[in-house]
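*Asks:* One-letter residues, chain by chain:
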Amino acid sequence: MTKDRIDRRFAALAGEDRAAFVAYIMAGDPDAATALEIMRGLPAAGADIIELGFPFSDPMAEGPTIQRASQRALAGKMTTKGVLATVRAFRETDQDTPVILMGYLNPLVNYGFEAFAGDAAEAGADGLIVVDCPPEEADPLVDALDAANLSLIRLATPTTDDARLGVVVRRTSGFVYYVSVAGVTGVLEADADAVAPAVARVRAASGLPVAVGFGIKTPERAAAVARVADAAVVGSALIDELESHLSSNKNVTSAVLSKAEELANAVRFARSQKA
Amino acid sequence: MSLTAKPNDYTAYPDSAGRFGEFGGRYVAETLMPLVLELDRAYAQAKTDPAFQAELKGYLTHYVGRPSPLYFAERLTKHFGGAKIYFKREELNHTGAHKINNCMGQILLARRMGKTRIIAETGAGQHGVASATVCARFDLPCVVYMGATDVARQKPNVFRMNLLGAEVRPVTSGAATLKDAMNEAMRDWVTNVADTYYLIGTAAGPHPYPAMVRDFQAVIGAETREQILEMEGRLPDAVVACVGGGSNAIGMFHPFLNDEGVRIYGVEASGHGLETDKHAASLTGGRPGVLHGNRTYLLQDGDGQIIDAHSISAGLDYPGIGPEHSWLHDVGRAHYLTCTDKEALEAFQLCAELEGIIPALESAHALAKLGEVARDVGKDGVIALCLSGRGDKDIFTVADALGRQI
Chain H
1 MTKDRIDRRF AALAGEDRAA FVAYIMAGDP DAATALEIMR GLPAAGADII
51 ELGFPFSDPM AEGPTIQRAS QRALAGKMTT KGVLATVRAF RETDQDTPVI
101 LMGYLNPLVN YGFEAFAGDA AEAGADGLIV VDCPPEEADP LVDALDAANL
151 SLIRLATPTT DDARLGVVVR RTSGFVYYVS VAGVTGVLEA DADAVAPAVA
201 RVRAASGLPV AVGFGIKTPE RAAAVARVAD AAVVGSALID ELESHLSSNK
251 NVTSAVLSKA EELANAVRFA RSQKA
Chain F
1001 MSLTAKPNDY TAYPDSAGRF GEFGGRYVAE TLMPLVLELD RAYAQAKTDP
1051 AFQAELKGYL THYVGRPSPL YFAERLTKHF GGAKIYFKRE ELNHTGAHKI
1101 NNCMGQILLA RRMGKTRIIA ETGAGQHGVA SATVCARFDL PCVVYMGATD
1151 VARQKPNVFR MNLLGAEVRP VTSGAATLKD AMNEAMRDWV TNVADTYYLI
1201 GTAAGPHPYP AMVRDFQAVI GAETREQILE MEGRLPDAVV ACVGGGSNAI
1251 GMFHPFLNDE GVRIYGVEAS GHGLETDKHA ASLTGGRPGV LHGNRTYLLQ
1301 DGDGQIIDAH SISAGLDYPG IGPEHSWLHD VGRAHYLTCT DKEALEAFQL
1351 CAELEGIIPA LESAHALAKL GEVARDVGKD GVIALCLSGR GDKDIFTVAD
1401 ALGRQI
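As you go down the protein sequences, you meet chains H and F in turn.
Residues 1 to 275 (our numbering) make up the first sequence, in order.
Residues 1001 to 1406 (our numbering) make up the second sequence, in order.
These are computed hints drawn from the structure, not numbers from a lab.
Hints are not guaranteed to be accurate.
[Claimed, not checked] Within a straight-line C-alpha distance of at most 30 Å, the following computed DSSO-like cross-link-like pairs (lysine-lysine) qualify:
#1 Lys1078/F with Lys1379/F
#2 Lys1278/F with Lys81/H
#3 Lys1278/F with Lys77/H
#4 Lys1342/F with Lys1379/F
#5 Lys3/H with Lys250/H
#6 Lys3/H with Lys81/H
[Stated by the list, open to error] Here are a few chain F residues that sit away from chain H, every Cβ distance over 10 Å (derived from the structure):
#7 Asp1009
#8 Pro1034
#9 Asp1139
#10 Arg1187
#11 Met1231
#12 Thr1276
#13 Gly1332
Positions of the beta carbon are idealized from the N, C-alpha and C atoms, including for glycine.
Excised from the complex, chain F in its bound form (with noise of 0.2 Å):
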């Protein structure tokens, strides 16, 4: 059977070597082994045990605010000709983000666990503010990596991880963003064996978080599977998603793949342009290797270095991708289209100026590839987009790149 051939379900993945074909995984120091086998048990135990998903979803829906809406972007839906346009709101989530489903869940399994400290990395901080905060939450000490570059982009969010007792540790190697925020976090864990849990905030990584972080973020197609079969009567004709490590995409994508008439589209940061050096689109523009954990399509040169990304997103700039990203890309089940930062910004003002909604700039990456898909899908069609988080960490950002003074 060739590796990239069709399965007949494409939800019996990973295989239990935590592989979606060739990509995924297990690729980490000896020293971690043992941590990713017992996290891979202690993971399978939980998802099966029906008081861990009780308590999961006490929690998503008292303290998360779960279900979130399915919103008719009725404005959008004019601007773009037809299609009708729906918005899977988790920007109204608890803290902001999509982040915060799986943090919820690998927090409880944590203390399942009965590890007493947390690590994360992040990159726009959004998921270091969603650690930061079940961590405040449960009472347990929680350190976040971060690239220095990141830290002094977005610090508003490393005020709020302050505030919410978390300590950020500013990371220098590298380009000093996400990428190099994980190799840290990982060194962390390496060190730190005993007492403590790498809580990762994408679908990525070794064999069980891909897997892992998909399920806790698959609360979001199921929500919108369900919603919009009640708005519409019907499944939608595509969901559209934004991807740098993938969980949002992911998370809404997955609930779907088996329903053969749902188009699905993940869009990748192309940055300055494909063309240039400057851009995130693994997919697109990379190749597959081994980094972090998992076989997937990397950024990288001609010898095997990894190329540092470059997005105004700094939750995009990121040189891999989830494994079962890559894996969808290959079998041709997902499509994956790139959107550069100036396509970014304007999406972003769009949806402020249209829906009153102020996205955040990795979805507006998605928000900009709506007149694409709706297209594809016709004027009867019906798109389902995952607005994975709001934009009030961006406006510094946006500010600066419109030339504006705040």
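For reference, chain H alone in the conformation it holds in the complex (with noise of 0.2 Å):
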């Protein structure tokens, strides 16, 4: 399983002509309950891959909206060995889509590279971003994590170059993350023209399909990058629609599942409706 989970999954897309849909969520948002029940029903909604955040209290990286999550989380006492808990239950109702963790490096740093890279596969998760991890500090956490199969997923960003996109993709697997805006989460949106260049750049280095993600809000914007990438991530649209339910009481995790799977059918039938 592991990083396997990830290749199969866009070998079969690659078979299908179609872009993946990466919902991203954050465990134990709105509570650890809720958070399960979205992400056991993201893929019925069209989730191909799932991102799921873990908490930190310093998200130096996400804009308004994904630290909220954050801080709802932590408020209900969400801790890693709960998000870990989170993915053994998903892994209950779901073997074969991929789930990647995302974060930031201090709460991995407090478990431990090796227990942490120990216990999130044999929860069944499959990869890890890390937002302040480079790669010139990878190396520890690479090590723990190719012991255990498990990708590290790089972030490749508009001011990433061709010299430095060499050590972006080094002892990477899985699929490479293009950060379609210098900027944090969820606040500009990304230019699809522009997607383009950089996706054939980053996957020509690499060899890895490339995931685009940072600046998707809409159905439309989703299926233009769709079209020429190989995977589109959204997040904080989704977490936008938890949080517009949490204040009018109605079912959070309908309203999220049915914005998902808004944005699963815009990427899905991209490039089989190519304007």
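Each of the two chains sits in its own frame; use the hints to bring them together as a complex.
*Replies:* Here it is, written out as structure tokens:
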């Protein structure tokens, strides 16, 4: 499993000539049970891959939406062990959807890299994205993840030039996450025209599928990205939906899942309905 | 070699990866990595460029007012029973604290790099004021991120920054103090990568900041060394400074690191007490972790979430510490003491009454440990303390703590 699950998923999607829809949610947001319920519903709503955020007190690359999600999760006492328990519970109902954990380094330093890699693999996670761990600092973490057959998914950004790209894709596997805007999550919108050449460049340098995220809010934008990239990642837009239903007391899970379905359909049919 | 082995040359650090032993490094989002590496190259060039150093020296002399005096604190010397106490008078610098030393260095570097917009974080407001000051002087737009809690307790400095033309943006996330201001400054930087220079105020953050800020602040210790040799004919037995992020302290300590006879004391803020959860003593009460671009000692809970610090002094109210201090602590070259809010308040008043100097609450933490250091060095000893800032900004906080109305 693990790394292989990511590779299998991308191979299958390539066979269908469509991009993956990657849904990001935060473990423990708005509470552990609801987040698990949403996560379990995501594959049926069309999510091909799930990014499960693990909360951190100081999420330096996040915009206000994911900052608040992190704060809600921490207020509900979500822990790193709790995040892994969420993954384990998800795997009871789904063996095929890759799960990528995404967050910041300090909770992992605290947990211990080897212990974390072992527990994450055992829980059924497939990869890890650590926002504040650039390649120069990543070797100890990659050693631990390699031993557990987990991928460390790397980030490439608009500031990553060709020389740097070689550093970024060293010791990586699964896919590369292209951050389509210089900025925090969920604030600026990706420029689909600028994304296409960047994706081609990252794909050529890494030989891996390229997922695009950080600036996708609408089905239209998701579709535009899905035409040129191997995956489109949406996070803040789902969490905005969650948040707007928290205050109105409606069913949060079904609201988030129907938003996910809308975005997933846009991605699924993007290439067959080329404008 | 053990990571905490004693080095032969303490001044040979950090290494090229920005490491002081296991501490330091560059833990930033990939978007910022090229910028951090560019800064590293630009600073390395400026550091060895005589023209840059001459320009900096000129401004330090004529604008900042350096060298600052080394002053023999005669009445405090008597009060503490003999060891001669000297103050390095950083509070006499332009803008009233040591912060301007670093700001002057970094603003000249930012100009050299062609940056056209400056951002900074501030706690007490001293670094914000110093940043706003150099931005006014060099006609650069300046945005200062400041926790909303600090905006409320440091109003005079907020007004100063506004007078100097800076925009102060209150930060409401988290505990709305220095750590949250730093998060928000990082978010600004990652969004404005083309034109913006991040002027970090303390010897922390991703490499090269800890080394660069230290170098710009090392003028404190270098002058002290020269002045004490002239006045006493020998090196001091001890140097003392307060430590929040630790920039005044590392500036004071660094030129003495290889002088084995000089004992080095940093003083952390223990707020309501180390036994409570309301303190800011990262070394004494924290564990190593990663935050704000560097590996260092941090106040954190059992799950690696950062705990909000507390100190009566806004400038020490930070849950981390510069990585070089973490290393000096682990190798045992420097000793880190702690001082409560209450002890700092007493020292604040004592210094005002005996020496006619109202110290910053930050500096009062170092003053509070003079009795202990004086005992350590003995009657014939000589102590140099970094009086990092003046206390005008703190009079409202102190009046409030003493239950007095202004």
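*Asks:* According to the definition I'm using, a residue is off the interface if its beta carbon is farther than 10 Å from all beta carbons of the partner; does Gly1332/F meet that for chain H?
*Replies:* Since the minimum Cβ distance to chain H is about 23 Å, Gly1332/F lies beyond 10 Å and the statement holds.
*Asks:* Confirm or reject the statement that Pro1034/F sits farther than 10 Å, beta carbon to beta carbon, from all of chain H.
*Replies:* Given that some Cβ of chain H is not farther than 10 Å from that of Pro1034/F, nearest at about 5 Å, it is violated.
*Asks:* Just checking, Thr1276/F versus chain H, shortest CB gap more than 10 Å?
*Replies:* Its Cβ never comes within 10 Å of chain H, the nearest being 19 Å, so this holds.
*Asks:* Please confirm whether Arg1187/F is truly not at the interface, meaning its C-beta sits more than 10 Å away from all C-beta atoms of chain H.
*Replies:* violated (5 Å)
*Asks:* Take the C-alpha atoms of Lys1278/F and Lys81/H, compute the straight-line distance between them, and say whether it is at most 30 Å.
*Replies:* holds (27 Å)
*Asks:* Are the Cα atoms of Lys1342/F and Lys1379/F separated by 30 Å or less?
*Replies:* Answer holds: Lys1342/F to Lys1379/F is near 27 Å, not above 30 Å.
*Asks:* Lys1278/F and Lys77/H: Cα distance at most 30 Å?
*Replies:* Distance ~20 Å between Lys1278/F and Lys77/H Cα, so the pair holds.
*Asks:* Just checking, Asp1139/F versus chain H, shortest CB gap more than 10 Å?
*Replies:* The claim stands: Asp1139/F keeps its Cβ more than 10 Å from every Cβ of chain H (closest is about 26 Å).
*Asks:* Against chain H, does Met1231/F hold up as non-interface, every C-beta pair farther apart than 10 Å?
*Replies:* holds (45 Å)
*Asks:* Does the no-contact call for Asp1009/F survive, Cβ to all of chain H over 10 Å?
*Replies:* holds (24 Å)
*Asks:* Keeping to a limit of 30 Å between CA atoms, is the pair of Lys1078/F and Lys1379/F held or broken?
*Replies:* Distance ~10 Å between Lys1078/F and Lys1379/F Cα, so the pair holds.
*Asks:* Between the alpha carbons of Lys3/H and Lys81/H, is the straight-line distance 30 Å or under?
*Replies:* Roughly 21 Å between the alpha carbons, so the hint for Lys3/H and Lys81/H holds.
The structure fails hints 5, 8 and 10 (numbered hints given earlier, in ascending order).
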